[in-house]
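In the order they appear, the protein sequences are chains F and P.
First residue of the first sequence: 1, per the working numbering; consecutive thereafter.
First residue of the second sequence: 1001, per the working numbering; consecutive thereafter.
Rather than coming from a laboratory, the hints here were simulated on the basis of the structure.
For glycine and all other residues, C-beta sits at the position ideal for the given N, C-alpha and C.
Careful: at least some of the hints might be erroneous.
[Said to hold, decoys possible] Derived list of chain F stretches under chain P, where covered just means 3 residues or more per stretch with a C-beta under 8 Å from a C-beta of chain P:
1. 165 to 175
2. 181 to 187
3. 226 to 240
4. 253 to 263
5. 282 to 293
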Amino acid sequence: MRATGPSNPVGVFRVRKEFASVTLAIGISVFLICALPIADYLADWSALADIATGLAVSLSFLFIAISSAFSSLKTGQTVLPSITTHTYPETRRTRNVTPFTVLILMAVLGLCSLEWYLHRDDRNPFLASSRPEANEDTWLTADGYAMLLDGHIAQNDGTFLLPMLRMFTGDARPEPSEFDARAGHLYVVSFLVPWLGTYWAFAGTNLVFWWLAVVSVWWLGIRHWSEKSIGVIGAVLVATSQGFIFMGTAPQPHAVAYAVFGVLLVVHDLLLNRQLDTSASKAVRFGWATGASGLIYFVHVPSLIYLWLVMPLRTHWRAMVVGTFTTLSILAFWQVIGSYLGLSFSGGNSALATEAIANWMVVVRGGLQNIASWGHYSRPRGTLLGAFWYPWWILAAIGWWKSPRIARNWAMVVLIAAFAPALLFTTRFQLPRVAFFAYPGMLLLASVGIDEIANVGSRIVSSFVLGTAAVRRAAYIATVITILMALATVTNRDLITGSLRFAVNFHYALGTEW
Amino acid sequence: MVIDLLGNSLDRKPRVIMMARGITLAAIAIQLVAPTFEAFVFRLTFATIYGIGALVIAGRSAPFVQLAGASTYLIASIAKNVIDLPVAEPPSTLWGQIIDDTRQEVAHRIIPPYGSRQWQLGWASDGKPFIYVCARGRLEPPETLVVMVNGSAISELNTSQMFGPRPQLESVGFYRIPVLRDLFNGSPALDIQVRRDVRATLPMEICGTITARPTAGFESSRFFDGTSWISPWTTRQGRFQIELRLEGPGGHVFGAWY
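Can you make the complete structure from the sequences, with help from the hints?
See below:
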């Protein structure tokens, strides 16, 4: 059950380069902290370790991305260990599905539905984590940042989406809002309103796309790793993941956007990575899909970073340019049409992103002291840990170590594509919900980690009991289920103990506490 | 037996694929029957981006997947135009009740959740109870409100009790009033009344919001206008912002109830 794959002599991401990047990042972080005058926030070890970790992790991803871009520029595709240039162990596998697999996937979709249903109304973590007992926004009322939608209590940002939704159903004229750029989400929701009413239309859309995310991650799992169980374990991890549970019944586009990012990775694999053919028509198709997804919420940013990093730049730059141009054209087209009909496309995330960039200019101009203090005030470690708590990182690290290079490279690109915008945004807001876009890479690496631990477990059991294949298989399955249940217990802690800790971490990012 | 989800099968089932494409175009056409010009333009834009985009991108999926997707799109498009279920109009999350007469009174009943995990944890941790009342502006005696619990006056609101951000002088915000733990000994419910100070000359405004999890039922908030009692649940699906909190050291909130 080892996850194996083809070996590659050289690569965009070589282990040596990755280790060099991480070592350099740690060195710089330590230097920054040692070279700076002692500030109040450096007074205790917890805060010090927080800054060091935040800086080291952020710089590691930055250096890996830079080294990959350089390699991508220098290396010709014939020797590049990109997904493009290597055949997968069994490409037919991603096309053909057995009824047993369908049955398992249906069960996982049922698990999604259960999570979704159990976290409805006031148990929605997005809403619950804004209540006073979450001890963040204690000045809010006992219900938190809430609204009533069709008699259901729901996260209150949904209020600002309703005018656009009414516009699509033909009940109202266009009204400018901070969310004009996310109209695609409301176009989709508007199809369910006549059937389900407003609250369940939002929630139902989230559920359908949650299912899509499950299937996408399953598909990506069996495509990039040779062991079939990786896809299934990844699907279960998506079904019980913090991000989807958090957004499951919120009248917001995040869950849809997460799922669409997973689908885009599949589309990219099918259109551009299946063969060496990166023709203009395929690039336009991927660009179109990315642009359409960008009209839901933010998906185009990680998708375009992914597009530019996952394939060799030197040989595929034309496809990247065409894809990017198509994406931006779709987004611009909607802005032109919307502006003509009275929408403003101002405020909201666009304005916040501008502020974040302006804050970065201040940080960079301020020199080393400001860069180090960014590691404290902008909480990069807290942002990444809010999205994925320690066990997921540990499992992903094991999975990264044990994965074949192509799969490891692919997952690293997904992580960089999602973490880069989340870390860049930290100078304005700390948003683990943006970092959660890394879920296809992160959860599949964690799946490999679980698979590896289960293999070790089955070997240990078989050495004590009977060494038959059936016993090993049973031990493997029991270990996988135990780990999955332990992880699901963490993400369902709000239901089990009433603790909002992980929902709060996902909402606001951790502080300096460990 | 295997199920082929992918593969460009145009050469195998061209009729099914052509049917799927026809259905998608029909769905787009149906969406364009819109009640307003703006809705027409918006629907046309997104039907083009998503509908035609799906046609172009989904070319690699199996014919039955394309047909199922197109049929769903068509049914949803028809429903959008045929089923008349408007988008919900949520009740206001912030409204005010003016009190400009000493006969007027706001009343709210809270049943402390003695059996709940939050309450028991807070109580066992020596948590302090507070009543929170939301009102507009900076209240200072004599131009203020008086809070009574179970018939006894416990406080006049003043600026030292103000809690939370108030961007402007006239912004609304909570007043945080400490109450004795003894109040909860043998008391199944807290009946809280808020009245204008008898010396006050200016009108006061108490905030209201939505209600979803009342401890004493949806009719637990009431307003006496001088002649009769009115329930904000009936008129606005709401309640007055009068809450009970149990707090630990450093303002740690164990729970908030209304």
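These are the hints, each one checked on the structure:
Only residues whose beta carbon comes within less than 8 Å of a beta carbon in chain P count, and the stretch 165 to 175 of chain F has 9; three or more means the coverage holds. Note: the stretch 181 to 187 of chain F has 3 residues with beta-carbon separation from chain P under 8 Å; the three-residue rule is met and the coverage holds. Coverage of the stretch 226 to 240 of chain F by chain P is violated. Counting CB-CB distances below 8 Å, 0 residues qualify, and the rule asks for three or more. For the stretch 253 to 263 of chain F, the stated coverage by chain P is violated: 0 residues have a C-beta nearer than 8 Å to a C-beta of that chain, whereas at least 3 were required.
Evaluation of the coverage hint for the stretch 282 to 293 of chain F: fulfilled, as 5 residues show C-beta separations to chain P shorter than 8 Å, against a requirement of three.
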